[in-house]
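Each chain, written out:
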Amino acid sequence: MTRDEAFQQFLLRMGDNTLILGHRVSEWCGHAPVLEEDIALANTALDLIGQTQMWLGLAGEMGGGKTADDLAFLRDVWDFRNVLLVEVANGDFGRTLMRQFLFDAWHSIMLGRLLTSSDDRVAAIAAKASKEVAYHLERSAETVVGLGDGTEESHTRMQAALDYLWPYVGEMFVSDDIDAQIAAAGIAPNPADLRDEYDALVKRVLAKATLTLPESRFAHKGGRDGRMHTEHLGHLLSQMQWLQRAYPGASW
Amino acid sequence: MNTEWPLWEIFIRGQHGMSHRHVGSLHAPDAEMAIKNARDVYTRRNEGVSIWVVEANNISASSPSDKGPLYEPSESKVYRHPTFFDIPEEVGAM
Numbered sequence: 001m002t003r004d005e006a007f008q009q010f011l012l013r014m015g016d017n018t019l020i021l022g023h024r025v026s027e028w029c030g031h032a033p034v035l036e037e038d039i040a041l042a043n044t045a046l047d048l049i050g051q052t053q054m055w056l057g058l059a060g061e062m063g064g065g066k067t068a069d070d071l072a073f074l075r076d077v078w079d080f081r082n083v084l085l086v087e088v089a090n091g092d093f094g095r096t097l098m099r100q101f102l103f104d105a106w107h108s109i110m111l112g113r114l115l116t117s118s119d120d121r122v123a124a125i126a127a128k129a130s131k132e133v134a135y136h137l138e139r140s141a142e143t144v145v146g147l148g149d150g151t152e153e154s155h156t157r158m159q160a161a162l163d164y165l166w167p168y169v170g171e172m173f174v175s176d177d178i179d180a181q182i183a184a185a186g187i188a189p190n191p192a193d194l195r196d197e198y199d200a201l202v203k204r205v206l207a208k209a210t211l212t213l214p215e216s217r218f219a220h221k222g223g224r225d226g227r228m229h230t231e232h233l234g235h236l237l238s239q240m241q242w243l244q245r246a247y248p249g250a251s252w
Numbered sequence: 001m002n003t004e005w006p007l008w009e010i011f012i013r014g015q016h017g018m019s020h021r022h023v024g025s026l027h028a029p030d031a032e033m034a035i036k037n038a039r040d041v042y043t044r045r046n047e048g049v050s051i052w053v054v055e056a057n058n059i060s061a062s063s064p065s066d067k068g069p070l071y072e073p074s075e076s077k078v079y080r081h082p083t084f085f086d087i088p089e090e091v092g093a094m
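Sequence lines, in order, name chains W and F. Just so we're aligned, residue 1 is where the first sequence starts under this note's numbering, counting upward by one. Just so we're aligned, residue 1 is where the second sequence starts under this note's numbering, counting upward by one.
Since the hints were made in silico from the structure, they are not lab data. Just so you know, not all the hints are guaranteed correct.
[Unchecked claim] Below, simulated DSSO-like cross-link-like pairs (lysine-lysine); rule was C-alpha separation at most 30 Å, straight line:
| id | chain 1 | residue 1 | chain 2 | residue 2 |
| --- | --- | --- | --- | --- |
| 1 | W | K203 | W | K221 |
| 2 | F | K36 | W | K128 |
| 3 | F | K36 | W | K131 |
| 4 | W | K203 | W | K131 |
| 5 | W | K221 | W | K208 |
| 6 | F | K67 | F | K77 |
| 7 | W | K203 | F | K36 |
| 8 | W | K66 | W | K208 |
| 9 | W | K128 | W | K66 |
| 10 | W | K208 | F | K36 |
| 11 | W | K128 | W | K203 |
| 12 | W | K131 | W | K221 |
Excised from the complex, chain W in its bound form (with noise of 0.2 Å):
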């Protein structure tokens, strides 16, 4: 693989990611359990599809001038890049704060050490996604602390999210050949060097809600290399994409 075409994946990777997961995140809107919890995932949903657009314009432009909306609208399953984490079901709001904690716990990480970047341009996306994704894990581990240390009931809901969604995290820390040539060029650390900050920042969370962790490191995987996503993310696509599937090329 060129480097090139090693940083394009990159990209789709970073994209993939907040699109997917924008997109999980705006199933809420309309739906949540109070107006300012709906206006406050509304707003995280369209931080994420802002950074899409960045990083999917940027991947884009890479693959012989297409826009993020190309890629966004008119890839398939098999050719998306997210983690597992980020397209399964949102389940009940725990379970999507939860989710959404996990997973910005991991950006922020990863965001401040694109900042750094080799490459100018994601150097530039990561800084204004930074601030975003700064207040984006403030919200989501303030919620999972509530929650965790709240009710009897909250208390138990939360512990199941954690329990089903812990054996996705670890796919965000396995690193591939892809990232071994992209963390050699300088643009982004290799994956694998998070897991310890990660862990650090997860388990103080965790410990504050009086969660357990589980102890397993099961990981799933077949997101971010393509192989084998799950059977939610086709659901997720037809409804994102079916528009552009049944009136093709249409605009306003």
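Model the placement of chain F on the given structure of chain W, informed by the hints.
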């Protein structure tokens, strides 16, 4: 048991040098979340540089039925307005 979150009154300062202005209210479990919710509900369009939150039941308000004794006596006292002075132009807006 009351399971509703308490109501918070939100005050936002639009820019440095201005005072905080009441913009509305929202529900939140505590003051910190009230500030976060205010950030999401009331500053989405870059409205503010500072947020104050006050739990609504900590605000004491005047009673509408007292408006006679409270406000009417000042209606007839126009001399309390500083409108009888010529303000030099260099002073600017007051």
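Status of the hints after comparison with the structure:
1. K203(W) to K221(W): Holds: K203(W) and K221(W) sit about 22 Å apart, inside 30 Å.
2. K36(F) to K128(W): holds, 20 Å
3. K36(F) to K131(W): Satisfied, since the Cα-Cα distance of roughly 15 Å is no more than 30 Å.
4. K203(W) to K131(W): holds, 23 Å
5. K221(W) to K208(W): holds, 29 Å
6. K67(F) to K77(F): Holds, at roughly 16 Å.
7. K203(W) to K36(F): Distance of about 23 Å is within 30 Å: holds.
8. K66(W) to K208(W): Roughly 45 Å between the alpha carbons, so the hint for K66(W) and K208(W) is violated.
9. K128(W) to K66(W): holds, 23 Å
10. K208(W) to K36(F): Cα-Cα ~19 Å, so holds.
11. K128(W) to K203(W): Holds. K128(W) to K203(W) sits at ~27 Å (cutoff 30 Å).
12. K131(W) to K221(W): Given that 30 Å is the threshold and the Cα spacing comes to 29 Å, the pair holds.
Checked against the numbered hints listed earlier, the structure breaks hint 8 alone; every other hint is satisfied.
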